[in-house]
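Participant: Letter by letter, the first sequence follows residues 93 to 575 in my numbering.
Just so you know, the hints here were simulated from the structure itself, not pulled from any lab data.
Hints should not be assumed to be uniformly reliable.
Straight-line Cα separation of at most 25 Å, PhoX-like style, residue types lysine-lysine; simulated pairs [claimed, not checked]:
(1) 485 - 529
(2) 213 - 262
(3) 400 - 334
(4) 517 - 485
(5) 334 - 384
(6) 384 - 401
(7) 203 - 213
(8) 425 - 400
(9) 203 - 262
(10) 529 - 517
(11) 401 - 425
(12) 334 - 401
DEER-style ranges, computed between Cβ atoms [stated by the list, open to error]:
(13) 200 - 229: 39 to 47 Å
(14) 105 - 288: 18 to 26 Å
(15) 105 - 556: 53 to 61 Å
(16) 489 - 413: 19 to 27 Å
(17) 526 - 558: 20 to 28 Å
(18) 300 - 228: 22 to 30 Å
(19) 258 - 454: 53 to 61 Å
(20) 258 - 413: 43 to 51 Å
(21) 524 - 439: 41 to 49 Å
(22) 459 - 526: 31 to 39 Å
(23) 478 - 454: 15 to 23 Å
(24) 217 - 302: 18 to 26 Å
Glycine residues also receive a C-beta, built at the ideal position from the N, C-alpha and C atoms.
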Amino acid sequence: MTPPRLRFAPSPTGYLHVGGARTALFNWLYARRHGGQFLLRVEDTDKARSTDASTRAIFEGLEWLGLRWDEEVVYQGASAARHRADAERMVANDHAYRCFCTAADLDFRRKLAEANEGAFKYDRRCDELDRADVARRVAAGEPNVIRFRVPEGSTGWTDLVHGEISFPNKDIEDFVVLRSDGTPIYNMAVTSDDIAMRITLVMRGDDHISNTPKQIMIYRALGEALPQFAHLPMIHGNDGKKLSKRHGATAVADWQHEGILPQAMVNFLSLLGWSPGGEFDEVMSIDELIAKFDASGLRKTASVFDTKKLEWMNGQHLVRMPLGELSPLVRRKLASAGLATEADLAARPEWFNALLELLRVRARTVDDIVRQARPFLSDTVGYDETAAARAWKDTADARALLAAAREVLAACALWEHAALETDLKSLAEARGLGVGKLFGPMRVALTGEANSPGMFDVLILLGRDVALFRLDAAIRELDRRTG
RNA sequence: GGCGGUAUCGUCUAGAGGCCUAGGACGCGGCCCUCUCAAGGCUGUAACACGGGUUCGAAUCCCGUUACCGCUACCA
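Using the sequences and the hints given, assemble the complete structure.
Facilitator: Written out as structure tokens, the structure is:
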């Protein structure tokens with residue numbers, strides 16, 4: 093069995109969206125799993141809609157996901173001469189013919205047919221033309237397209253996802269393969285390119301199922317061996333409709349900017365339309381995915397992009413990934429948020445790693461970590477009003493508690509977990525309070541928030557100086573509030 | 001309209017005739033843990049689109065209906 097060759101063939105007409113990313117991923121996984129090649133082809137034949145910015149966005153999206161392609165990128169637009177030559181070859185070997193019907197005429201006939209019920213199908217009138225006549229009109233420069241002559245019978249294949257699929261040829265009209273300006277129609281270009289790239293497995297969205305018989309006919313007309321086909325189901329938004337801007341972030345770059353990890357995105361996407369089968373741990377590394385991926389696990393049904401589950405998945409990867417990998421990521425985000433400089437954080441790696449360990453377990457995105465890190469990095473804290481309203485309900489009481497805590501902490505012999513716990517617990521006990529009643533007001537004083545890591549962790553991370561400073565500040569704030 | 005594809009909890013799915021009074025995961029609810037929030041553990045909620053067959057027996061096979069999606073362009 094020769095190594096398979098697959099390709100991802102996006103049109104550069106926008107960002108890389110999650111559906112395209114999933115298609116690319118499955119192609120890539122299949123190639124990696126079976127020791128084959130994963131190629132990238134940019135289908136830029138539609139010059140009006142294609143942009144360089146989109147092409148770059150697609151590259152960047154694939155790179156971010158870690159889907160490295162083999163060989164040089166193929167630009168479809170660069171092969172126009174071959175597309176045309178292939179179309180003309182089909183005329184030469186009698187599988188296609190010249191058609192002189194104009195677009196306007198066709199349009200008229202189509203409307204007429206539809207008005208009188210019944211779908212319009214090209215009537216092959218130009219296939220009746222005399223050969224000499226055709227040659228003369230072509231020589232005279234009369235505009236013409238090349239139409240494929242659809243044979244009798246039916247056209248089918250064994251789809252890796254759907255099994256046997258076949259179409260009666262009578263339902264397929266003699267379709268155009270080359271426009272009058274000499275440029276190819278999609279099905280011509282794709283087939284010509286897939287042949288040239290020696291693609292052995294065409295894996296793409298199932299919106300191409302109806303195109304497949306036409307492409308198969310072209311392969312045959314050109315005397316080429318057929319590749320295998322696999323048509324993947326689509327990904328929909330949470331309303332069950334096709335993904336669009338309305339559904340929020342459908343661009344992989346948007347998720348990147350919201351703090352989703354590429355490995356989590358890959359993992360999540362891999363489970364949309366594919367399953368290893370049986371019971372398994374859904375959280376998987378890229379290597380595990382490659383090892384497990386197989387066409388037999390491909391599913392037929394469209395799936396909904398569930399952002400909640402993506403976020404959960406991201407949280408799982410956040411906790412499991414090596415700290416050494418997470419650390420620079422967060423440092424970069426912290427720096428661009430203006431909360432710290434990368435140099436400062438790099439200078440105290442142990443402290444920073446301890447912080448990350450505490451925060452990542454309660455975060456779902458990298459951005460969550462950044463938000464939660466604020467009290468540990470900025471000089472002062474702002475008090476969250478709902479948190480303050482609850483924990484400092486009785487200001488006099490809270491003030492007294494914080495003053496007492498300040499005193500205990502200032503005198504605490506050792507600034508470490510055990511000592512802090514002993515001292516603070518005895519303070520609470522002396523006052524006849526549960527520790528919660530003491531830690532609540534302290535938490536707001538120290539972090540400004542209602543939620544944070546455990547009190548002793550917070551104190552240790554902050555250090556004695558900052559902790560005492562914040563308690564003082566909170567006491568002053570409470571004085572102010574009391575009036 | 002014609003042709004093609006699809007149909008299991010709200011969502012992702014397991015299931016390839018009896019193992020299914022349908023399993024897992026996300027979400028949601030409860031309990032435990034607990035200084036808060038997470039994480040973790042336990043647990044509850046919730047599905048075979050509908051109708052006919054085939055079979056001793058169907059979520060699984062066949063047919064029809066319905067719904068959704070795609071194609072039906074000198075778009076990709």
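Participant: Each hint: holds or not?
Facilitator: Tested hints:
For the given pair, residue 485 sits about 12 Å from residue 529 by alpha-carbon distance, which is consistent with the 25 Å threshold. In summary, the hint linking residue 213 to residue 262 is supported, as the alpha carbons are separated by about 10 Å, within the 25 Å threshold. Note on residue 400 and residue 334: the hinted pairing holds, with a Cα-Cα distance of about 18 Å set against a maximum of 25 Å. Between the alpha carbons of residue 517 and residue 485 the distance comes to roughly 22 Å, so the proposed pair stays at or under 25 Å and holds.
With a C-alpha separation of about 28 Å, the suggested pair residue 334 and residue 384 falls outside the 25 Å cut-off, and the hint is violated. Note on residue 384 and residue 401: the hinted pairing holds, with a Cα-Cα distance of about 21 Å set against a maximum of 25 Å. For the proposed pair residue 203 and residue 213, the alpha carbon gap of about 11 Å is at most 25 Å, so the pair holds. Between the alpha carbons of residue 425 and residue 400 the distance comes to roughly 22 Å, so the proposed pair stays at or under 25 Å and holds.
For the proposed pair residue 203 and residue 262, the alpha carbon gap of about 21 Å is at most 25 Å, so the pair holds. Taken as a hint, the residue 529 and residue 517 pair is honoured in the structure, with Cα atoms around 11 Å apart against an allowance of 25 Å. Of the pairs offered as hints, the one joining residue 401 and residue 425 holds, with about 23 Å between alpha carbons and a cut-off of 25 Å not exceeded. Among the hinted pairs, residue 334 with residue 401 is consistent with the structure: their alpha-carbon atoms are about 19 Å apart, no more than 25 Å.
Distance hint for residue 200 and residue 229: a CB-CB separation of about 21 Å, inconsistent with the stated range 39 to 47 Å. With their beta carbons about 23 Å apart, residue 105 and residue 288 fall inside the hinted range of 18 to 26 Å. The hint said 53 to 61 Å for the Cβ distance between residue 105 and residue 556, and at roughly 59 Å that hint holds. Judged by the Cβ atoms, the range 19 to 27 Å given for residue 489 and residue 413 is violated: they are separated by roughly 43 Å.
Our hint of 20 to 28 Å for residue 526 and residue 558 holds, since their Cβ atoms are close to 26 Å apart. Restraint check, residue 300 to residue 228: a C-beta distance of roughly 39 Å breaks the suggested window 22 to 30 Å. At roughly 54 Å, the beta-carbon separation of residue 258 and residue 454 lies within the given 53 to 61 Å, and the hint holds. Evaluation of the 43 to 51 Å hint for residue 258 and residue 413 yields a pass: the beta carbon distance comes to about 47 Å.
A hinted range of 41 to 49 Å holds for the C-beta pair residue 524 and residue 439, which are about 44 Å apart. Between residue 459 and residue 526 the beta carbons are some 34 Å apart, a value that agrees with the proposed interval 31 to 39 Å. Distance hint check: the CB atoms of residue 478 and residue 454 are about 18 Å apart, consistent with the given range 15 to 23 Å. At about 25 Å, the CB distance of residue 217 to residue 302 agrees with the hint of 18 to 26 Å.
Consistency note: the structure conflicts with the earlier hints numbered 5, 13, 16 and 18.
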